[in-house]
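Enquirer: Spelled out, the chains give:
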Amino acid sequence: EDQVTQSPEALRLQEGESSSLNCSYTVSGLRGLFWYRQDPGKGPEFLFTLYSAGEEKEKERLKATLTKKESFLHITAPKPEDSATYLCAVQSADRGSTLGRLYFGRGTQLTVWP
Amino acid sequence: ETGVTQSPTHLIKTRGQQVTLRCSSQSGHNTVSWYQQALGQGPQFIFQYYREEENGRGNFPPRFSGLQFPNYSSELNVNALELDDSALYLCASSLRGPDTQYFGPGTRLTVL
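Just so you know, the sequences run in chain order A and B.
Numbering of the first sequence is given in my numbering, commencing with residue 1 and proceeding in unit increments.
Numbering of the second sequence is given in my numbering, commencing with residue 1001 and proceeding in unit increments.
A hint or two may mislead.
Covered, in the sense of this in silico footprint (three residues per stretch, anywhere, with C-beta under 8 Å from a C-beta of chain A), are these stretches of chain B [as the list claims (entries may be wrong)]:
id: 1; segment: 1015-1025
id: 2; segment: 1061-1069
id: 3; segment: 1077-1087
id: 4; segment: 1100-1106
Pair by pair, the computed Cβ-Cβ distance ranges are [claimed, not checked]:
id: 5; chain 1: B; residue 1: D1099; chain 2: A; residue 2: E81; range: 23 to 31 Å
id: 6; chain 1: A; residue 1: E17; chain 2: B; residue 2: P1061; range: 43 to 51 Å
id: 7; chain 1: B; residue 1: T1014; chain 2: A; residue 2: T111; range: 19 to 27 Å
id: 8; chain 1: A; residue 1: A77; chain 2: B; residue 2: S1027; range: 33 to 41 Å
None of these hints come from the bench; they were simulated from the model.
Yeah, the Cβ is synthetic: ideal placement off N, Cα and C, and Gly gets one too.
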């Protein structure tokens, strides 16, 4: 069974205090790894897709990296508006898996206080 | 370009009733996937529709069923509602199955 584990479950940062969120995965052939941001009671908002080990992508204060077993979401100098739950999901290239099906972790709840 | 929309926003039902949730996919997207997200959990895959056919299913019972229409919009139907069906139901569309999925705002279903 494909699995995605995110840590920590919750993270509190002071504004400007940089940190990283972790997503470890076990999947039968990785087709893609996705990061989403989710605000309370709303649908996930797409942030990044990573396809191969060594790949990196950046958007404003966020940077996502990928290795063969895990991904990191680095947050540089966060602001209160970065407070949200960050979800990691993987797509499997296994022929027995529905093409495009996302397997999600439980998320990291990030709170940035002024 | 219009994003993914879902209706209704909130819904309250009682145990044993039936419910239909609706989703309009993003323009140009022909694949729709449905997910259930319980409080404090990550979304769980229910099923996927591609060109009006079910293209894969997660570990959900047959009382969860769906449809996709020629315009690629979709419905999720749940029969014989149970208390554990209370959750946020998310619809996501993609250009093709393995492409990036874009989510709608969700429908919050409460079963009493």
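Enquirer: Does each hint hold? Answer for all of them.
Expert: The hints, checked one at a time:
1. 1015-1025: violated (count 0)
2. 1061-1069: As far as the segment 1061-1069 of chain B goes, the hint is violated, because 0 residues have Cβ atoms under 8 Å from chain A.
3. 1077-1087: violated (count 0)
4. 1100-1106: holds (count 7)
5. D1099(B) - E81(A): 23 to 31 Å: Because 28 Å falls inside the window, the suggested range holds.
6. E17(A) - P1061(B): 43 to 51 Å: Since E17(A) and P1061(B) have Cβ atoms about 45 Å apart, the given range 43 to 51 Å holds.
7. T1014(B) - T111(A): 19 to 27 Å: 36 Å, violated
8. A77(A) - S1027(B): 33 to 41 Å: 36 Å, holds
In this structure, the hints that do not hold are numbers 1, 2, 3 and 7, in rising order.
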